[in-house]
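Knowing the structure of chain A, use the given hints to seat chain B on it.
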Amino acid sequence: MRKKIIIAASVILFSFSAKAQGILGGHVTGNVQLDGQISSRDSVIGSTDVPQKLLSNARADILYTNGDFSAGLRYEGYLGPMLGFNSQYAGQGIANYFVSYKTQTLAITAGHFYEQFGNGMTLRAYEDRYLGIDNAIRGINVMYRPVRGVTLKGLIGQQRYYWETRGLVRGVDAELSVNDIVNALAEAKTRITIGGSFVSKYEDDETILSDIDGYKLNLPLNVGCGSVRMDISHGGFGLQTEYARKGQDPSIMNNYIYKNGEALWVSASYSQKGMSANIQAKRVDNMGFKSVRSESGEMLYINYTPAITKQHTYAFLSMYPYATQSTGEIGLQGDFMYKFKKETFLGGKYGTDLHINASLIKGLDTTRIGGIGTDGYTSTFFGTGDTYYGDMSLEIAKKLSGKVKLTATYGYVVFNPVVEGHEGDIHHNHVVIGDMTWKINKKNVLRVEAEWMGSDSKYDPAVDDKRCGDWIMGLVEYNFTSAWFISLSDQYPYKDGVGNYYNISVGYTKGASRMQIGYGKQREGIICIGGVCRNVPASNGLTFSLTTSF
Amino acid sequence: MKKFFLMIAATMLVGVAAAQNAKIPENITIKTLDGKTVETSVIKNDGKPIILSFWATWCKPCNRELNTIKEVYEEWQEETGVKLVAISIDDSKSAARVKPHVDGNEWEYEVYLDQNQDFKRAMNVVNVPHTFIINGEGEIVWQHTSFVEGGEEELIELVRKVANGEEI
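From first to last, the protein sequence lines are chains A and B.
Under our numbering, think of the first position of the first sequence as 1, with each following residue one higher.
Under our numbering, think of the first position of the second sequence as 551, with each following residue one higher.
Bound-form chain A, shown alone (with noise of 0.2 angstroms):
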């Protein structure tokens, strides 16, 4: 391990001074980002104190590709897990590697790989570093073209659990792109793509006791998930749609019963220049899908089941950001935007854009069979349950002159706690935001943006959901050039809520180099500031990052 480390620090160090040079005729490239946090407690956000004092997060990608041909290897290093991040990351070492060769009708990767196969309703392997989930697979990923039009992959491998790998996945993908392969539609308007897959884990036996007089459950060793796929677009028109099935896989995510899993997603979408229209329905039955069927945490995810709703980015819209339950919900999403013209009565000078979106998730219509061991439900395909989540946001964006940028927003979400385990009323919250951004002259650029949000919840310390009551919310962000910024901020509940949030953050950038540090209170969700977006952990204190690419 110590040699592996010392190989990959002279590396990376011999890297930073060979900046991209051609090295036999390839090429060394990478990044680094470190970030530290000092944080310590606050029993009002609910922070704790950190025992190390100081956490770190570091890792370094380096890549060589010389033609074809590449490599890359990551180091990474958790010396003390930065709040948010799992504990069973603690520890330094390297995380994946690889090797791969790639041309237009072949590629082979061997080593740590990153798929998705359709939507990824069967498999997505995929990292997030700001959320802490890598589920890389370990092992040989094949994709061929035997002829125009058509592209088949295949991999098999084990899955990347914190610093080690588990369970075995195998899977095998095709997609056939209609005008491509039938030449009478090589130059149709109409565009069509099918594709298919089939995923596979296994897993060894374990003893799970059913319900029933503790008879030991015969547990399915080898369990399949395969779906079917199409995409047609037709100028402006597009309709995309997977549906996805799952043999039987009793785990802990489904409390063990033999159910099959089953998930439909469609998309359609109508777009022109300065119009575009989109919705989106989704139905999701018992498809979460672990290479490790006892594994309750976030990690070992061979599937993804995308959740349609819009992903917010202001902080009091993005509050209760929302994700799938892949034991079961049904949704509709849709989407609309428009551009009213320049020099006319609603477009003024410059133009004005309107955004519209709105969402509505529930849960299905299930009758209880039994517990462990048993189908446990029953479902009916258009029934619907209990409201999770909805919400509906209007956007209105303008220019007032060359140098005023004025954006307004209302929204309103509905949200049921339970979709995070707690028992609780549902919440409904009204969200206006103003921002502002007003570029003074070349070189100056200042930004204001003011949140308020009413809502019905009220802070119960039983329940302890700290983002109840009634906020407000203001921020400051001063640029100069893209190099430096400065931003302060503070959301504060003035009626029925705890906390404060404030920050002051300062960074500065040049190319692909950037610093940043904060300090001051910090929930977790999509942040944007100073032109990044990030996602962050709940903190209280100092914050920095470092992150470069080259």
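Careful, some of the hints might be misleading.
Lysine to any residue pairs mimicking SDA-like chemistry, simulated, CA-CA at most 20 angstroms apart [what the hints assert, rightly or not]:
#1 Lys443/A <-> Trp484/A
#2 Lys586/B <-> Gly196/A
#3 Lys339/A <-> Val622/B
These are computed hints drawn from the structure, not numbers from a lab.
Just chain B now, with coordinates in the frame of chain A:
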């Protein structure tokens, strides 16, 4: 295993050739907005500079950058011949929204989907927005992360130099 790392390290340490800029990889699979699978080798501009911008529908600064450039894009093209290629890193959560988003905003850029983020990883992009300037030979000559208003003026200054064959 150890041998493997030693081999890579040795490959990197031995035989340092003359310094030259890295090129954008040509063999990464991306998708067009109408679902066609293509390789990154399609990113070409007849020997003129390219602005390569990694973005996502949910990223506010990315949208500010692409909307700001939209206002001046025609002038930039006429003056320098530059082409902006926008790479969306939206995953399956929001990939179906990319085409409506691009049309709704009236962007005239060449847009591709990098759903599995293979291109993002190959280009060492950590956060979006991340913008590259590619010269006529396909070499990466400049990169920058983040965007604030006014950044577009710095960008076009550099593109002008690249278009004139100057070093930046």
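We went through each hint and held it up to the structure:
1. Proximity of Lys443/A to Trp484/A is assessed by CA-CA distance (about 10 angstroms); at most 20 angstroms being required, the pair is judged to hold.
2. With a C-alpha separation of about 16 angstroms, the suggested pair Lys586/B and Gly196/A falls inside the 20 angstroms cut-off, and the hint holds.
3. With a C-alpha separation of about 18 angstroms, the suggested pair Lys339/A and Val622/B falls inside the 20 angstroms cut-off, and the hint holds.
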